[in-house]
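*Asks:* Chains as they are written, first to last, in our numbering: chain A, 1 to 329; chain B, 1 to 329; chain C, 1 to 329; chain D, 1 to 329.
Bear in mind the hints are in silico, worked out from the structure with no lab data behind them.
Any given hint could turn out to be false.
As the list claims (entries may be wrong) - Keeping only pairs whose Cα atoms sit at most 20 Å apart, straight-line, the calculated SDA-like set for lysine to any residue is:
| hint | chain 1 | residue 1 | chain 2 | residue 2 |
| --- | --- | --- | --- | --- |
| 1 | A | K290 | B | K88 |
| 2 | B | K235 | A | D248 |
| 3 | D | K235 | C | A187 |
| 4 | D | K88 | D | E141 |
| 5 | C | K277 | A | E174 |
| 6 | B | K32 | B | N101 |
| 7 | C | K231 | D | N188 |
| 8 | B | K290 | C | K277 |
| 9 | D | K290 | A | G119 |
| 10 | A | K117 | A | E174 |
Stated by the list, open to error - Restraint ranges, calculated between C-beta atoms of paired labels, are given here:
| hint | chain 1 | residue 1 | chain 2 | residue 2 | range |
| --- | --- | --- | --- | --- | --- |
| 11 | D | P109 | C | M239 | 38 to 46 Å |
| 12 | D | N288 | C | S98 | 42 to 50 Å |
| 13 | C | K53 | B | P97 | 34 to 42 Å |
These numbers were taken from a predicted model, which means no experiment stands behind them.
C-beta atoms are modelled at their ideal positions from N, C-alpha and C, and glycine is treated no differently.
There are 4 protein chains.
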Amino acid sequence: MAALFRGSRNLLKRWNKNVHSALVSSRSVASKTQVGFVGLGNMGNPMAKNLLKSGYPIIATDVFPESCKELQELGAQILDSPADVADKADRIITMLPSSPNVIDVYTGPNGILKKVKKGSLLIDSSTIDPSVSKEMAVAAEKMGAVFMDAPVSGGVGAASSGKLTFMVGGAEEEFTAAKELLSCMGANVVYCGQVGTGQSAKICNNMLLAIGMIGTAETMNLGIRLGLDPKLLAKILNMSSGRCWSSDTYNPVPGVMEGVPSGNNYQGGFGTTLMAKDLGLAQNTATNTKTPIPLGALAHQIYRMMCARGYAGKDFSSVFQFLREEEGQ
Amino acid sequence: MAALFRGSRNLLKRWNKNVHSALVSSRSVASKTQVGFVGLGNMGNPMAKNLLKSGYPIIATDVFPESCKELQELGAQILDSPADVADKADRIITMLPSSPNVIDVYTGPNGILKKVKKGSLLIDSSTIDPSVSKEMAVAAEKMGAVFMDAPVSGGVGAASSGKLTFMVGGAEEEFTAAKELLSCMGANVVYCGQVGTGQSAKICNNMLLAIGMIGTAETMNLGIRLGLDPKLLAKILNMSSGRCWSSDTYNPVPGVMEGVPSGNNYQGGFGTTLMAKDLGLAQNTATNTKTPIPLGALAHQIYRMMCARGYAGKDFSSVFQFLREEEGQ
Amino acid sequence: MAALFRGSRNLLKRWNKNVHSALVSSRSVASKTQVGFVGLGNMGNPMAKNLLKSGYPIIATDVFPESCKELQELGAQILDSPADVADKADRIITMLPSSPNVIDVYTGPNGILKKVKKGSLLIDSSTIDPSVSKEMAVAAEKMGAVFMDAPVSGGVGAASSGKLTFMVGGAEEEFTAAKELLSCMGANVVYCGQVGTGQSAKICNNMLLAIGMIGTAETMNLGIRLGLDPKLLAKILNMSSGRCWSSDTYNPVPGVMEGVPSGNNYQGGFGTTLMAKDLGLAQNTATNTKTPIPLGALAHQIYRMMCARGYAGKDFSSVFQFLREEEGQ
Amino acid sequence: MAALFRGSRNLLKRWNKNVHSALVSSRSVASKTQVGFVGLGNMGNPMAKNLLKSGYPIIATDVFPESCKELQELGAQILDSPADVADKADRIITMLPSSPNVIDVYTGPNGILKKVKKGSLLIDSSTIDPSVSKEMAVAAEKMGAVFMDAPVSGGVGAASSGKLTFMVGGAEEEFTAAKELLSCMGANVVYCGQVGTGQSAKICNNMLLAIGMIGTAETMNLGIRLGLDPKLLAKILNMSSGRCWSSDTYNPVPGVMEGVPSGNNYQGGFGTTLMAKDLGLAQNTATNTKTPIPLGALAHQIYRMMCARGYAGKDFSSVFQFLREEEGQ
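Full structure from sequences and hints, please.
*Replies:* Right, here's the structure in full:
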């Protein structure tokens, strides 16, 4: 794992020696003390519930007060702002829609860092630009707090059943503390390296997922038009080198597989808008690092075109439907 | 399997009733009688050897006499032309580089159909345009012979060890007879449907394979530039929805995996030129059927650019190297 | 122009010496003798009328008898088949939808070559694969006739007003004879080189046109979303290096320009289906010559997706509408 | 032009009434008083010289002292920092490589805004993200200064000969004052709308330019492989709908045109790296505004691949060379 630290090794070493032991000693290390939670949307809500179920008292907030009702009835304490949460809890999890929200919740006028306690552990599970994660980590360190990025793989269903996968970036010394909480909400908690690498891993996975999904949709559509039975084609691909998650686990062709959105008119699942957002993040990081991603860039554009043509709310496997001939053509 | 016949069902039914029983009775059904083999290149040579090993006397030919020497020493009879082979054997396998070769070997002045016996079983394992397979089947039927397409998945290694996968198109009644021979050369023999569907399945698989490989190369490269350890990133992808054959079985990043071309300077394996050829076939069938294949088309162009830039002879996973920054940049 | 002949120079030289003088002497060289015309569709009809206006008696045919009525009323003689036309006229122009039609009209059972007179001049103005043009030229030569390809640039309007551009491929010695007829139907008649180069020039132009049109649509849409006034943006592009025919002559944004399809709900003009067809030809020639055309390939796929999504009948500049956000999104 | 102000109309109106008259009265309106210049690189140096030639005393600075020598010898006063320049001059032009440099020069610890005089006119000719221009305008307004973006079209040659085109965004009331200075350095000064629209126009133009250039390179390469003479093909395109700036003014094929980089081994001109940078800006603005740009995105990736493969320093028309078959293939 040493290779992961690279350029920031010395920085981290220094930080470790001078600051770390002091920080940890000041944090409430006794398990089952209260945990803060900011962002109670479709994902945050079931995640916070699972923390509650595991016995952690929850102090939460959300910009939409109605989002907090259910959790309040289950016993959570609801406060007015992230700053107020940070004033009471020294372990906080945030789950927000996008980079600007994260910036606001951490560094805004009522943000966490306004009242954060020294030694606090701040875990952001939003999917955002890794460079923003790094900025937040720097800002948190200035206040004596520890910031980690821990975006998730898996949707609302996995959030409800506590089966999310967390990809965690940040100081390795803090991983155990983070894992204690994240394990209540997920089945896998993977350490990825320094701050931002959790986001990077998430973004990389979703870029390859999008490419595989569009590729599977094109391939299945082409095969069907060439006279192949869709189920048979899927079977052949899945025993051959064309095999991928989109072909063997989440096939986009209606009727090939049970229990996936393609069998339910592409409802539920992972929306085209969200995939377009993640591909936008992949594109940003690729542009910033001058990395060529020809298929990733085109996948991004295809999901953008789909959003413009009425597919925004459908599962991302609806690209199969988008590519097919419209009825009556 | 009935669904596969669709539009050609009536044609096949008629054909079955009037012609089929007559044909089969006239073919040498006793196993282990001689088998013809046309095309003794890198793939055809080990395939013919495996037939020999299984006890079938081989009558072979190739445009390059030197290609025949090894097989001759092993006991095969070498003749001058495909027509001569067809004159002696009523089961013939062909393994040729591209569509024009197939057209020539079957319908040329010294082609198989000049001397083919009524009821002969002709199996073409070349990877070609499915519309050419259909043309050959029509031409063979006119001479009272049966043509099947049976392209392979797996390279020279799989050909040598008899572990190829055959994707077979043609009259379902003939599949058992074809499988008897193909099983000597492969581990999987899959019936795909009417004539041409073997090619279609092969082309579909390789298109998705190319998309998955380039996607994996882009993703691994992006992740590495974002600070992720390549082995860790591969591990994360392979337990997540980014998983595909190129990430978990044939990873293009040197050092991530043992025993794949990326660990051997991209030597061996499946050449970029061959992948470009298969993607050209996919593009042709997509254009002919007016099927949009945006990622497939771009994958084709990327392999074309690679061929133009010196990667023609390397394994197709070398796209990882192509996308990386050149040293000194 | 010598460089254009290249590999076929010797062939042409031989042909010129042995055959050419004989052929020409046998053809009706007197101007204003009858001209054959096969294919009286949207383009062929006004083209044949312009020949009539120029004083040439017309002998015509079409698979749809009703297509011939108007021309018959104007004095043209209508016959039953291309063979019949070839029996009467030794200069014939063909204007057909696609390669299979051309193959049938020339080499089919009632095709031109069944009754063609020695020395006849056969000019095909269809847009087809240049390799088919070459095949037709070889077949014509066997019958002692001369085949030239002369596809057009410009739509129905230019056909009506006699303002088409003809791109002509074939023996340079025949160009003057071809130009005599083509000048009655077009404003520009350009000699491009050996047989097939007329098609090649046409295909090349339309590929670049498609790229420029989609590029202009993307650029105008992006600029508008960034707050630029569309007319001002068009003006800036047109005085700068972004200038192209699609930005300065056929702008795809409604309201920027008068008298173009974008101002008329994308009706009229050059249909998306036809552009997709031409891009399919470009893709075929690129695949056959192993030429990378990344943007051309993607342009092809975008027009294919548009055809699948209801834009088949609209002018090809409707890509601007396809890329824009749907209302209510 | 009113339509351009849209959402910010009210903001600008308010600003105009309360602040504007006060600002202008305090600025040195007498022409030929000193002008500040920050950034004396390949472009900034000749631009500043042209201001000097027009009679404006120049006060300049650059992070590399050696860049200032030539201008100092011509009579310019060289200071240590942008802040120092702002302390002396109330009209300042900046010409910097990228967004971070602009942010630093304006808002950094020694930046212009540290000592800017009320009513100063700040004109940024760098090519950067329009959202950064907007940020700088807001920051400048807080200090009572006016910020305009005025990126240029045209390279070092146009900068030397004073033939640049400036695309200007900002308060329309200030355009006359800006034009007075910019006219000394350019042949065209175009008002585009509110702050950031100069950048937007520049980015839009360069995106369409890149698409047109790659499209021209693909088309010329395809035509040549199909047997067309390159000069003839260029001539045909330029009289047809394929015409664009890259085909008729800056043709990428060596030998087609005089006086362009393709005739000089792709030296000079507009480097591939710079084009890749501008396409990255186009991609960022498209991603932020959720605008699909399929060809623009692919053009970006192609220039990225070229940078990775050794073309970083060549003119952007070298894409023709990149797409061609390497010798010996």
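*Asks:* Does B:K32 pair with B:N101 here, judged by a C-alpha cut-off of 20 Å?
*Replies:* 28 Å, violated
*Asks:* Next pair to validate is D:K235 with C:A187; report whether the Cα-Cα distance is within 20 Å.
*Replies:* 16 Å, holds
*Asks:* Hint says 42 to 50 Å; check whether the CB-CB distance for D:N288 and C:S98 agrees.
*Replies:* 43 Å, holds
*Asks:* Taken at face value, is the distance from the CA of D:E141 to the CA of D:K88 at most 20 Å?
*Replies:* At roughly 19 Å apart (the allowed maximum being 20 Å), D:E141 and D:K88 satisfy the hint.
*Asks:* Sort out whether A:E174 lies within 20 Å of C:K277, counting only the CA atoms.
*Replies:* 60 Å, violated
*Asks:* Taking the beta carbons of C:K53 and B:P97, is their distance inside 34 to 42 Å?
*Replies:* 54 Å, violated
*Asks:* Starting from C:K231, check that the Cα of D:N188 is at most 20 Å away, please.
*Replies:* Distance of about 17 Å is within 20 Å: holds.
*Asks:* Has the given pair, A:K117 with A:E174, been kept, meaning a C-alpha gap of at most 20 Å?
*Replies:* 16 Å, holds
*Asks:* Need the status of pair D:K290, A:G119: alpha-carbon distance at most 20 Å?
*Replies:* Status violated; Cα separation ~39 Å.
*Asks:* Would you check the hint for B:K290 and C:K277, treating anything up to 20 Å between C-alpha atoms as holding?
*Replies:* 9 Å, holds
*Asks:* For B:K235 and A:D248, compute the direct alpha-carbon distance and say whether it is at most 20 Å.
*Replies:* 19 Å, holds
*Asks:* Evaluate the given range 38 to 46 Å for the C-beta pair formed by D:P109 and C:M239.
*Replies:* 41 Å, holds
Checked against the numbered hints given earlier, this structure breaks hints 1, 5, 6, 9 and 13; the rest are met.
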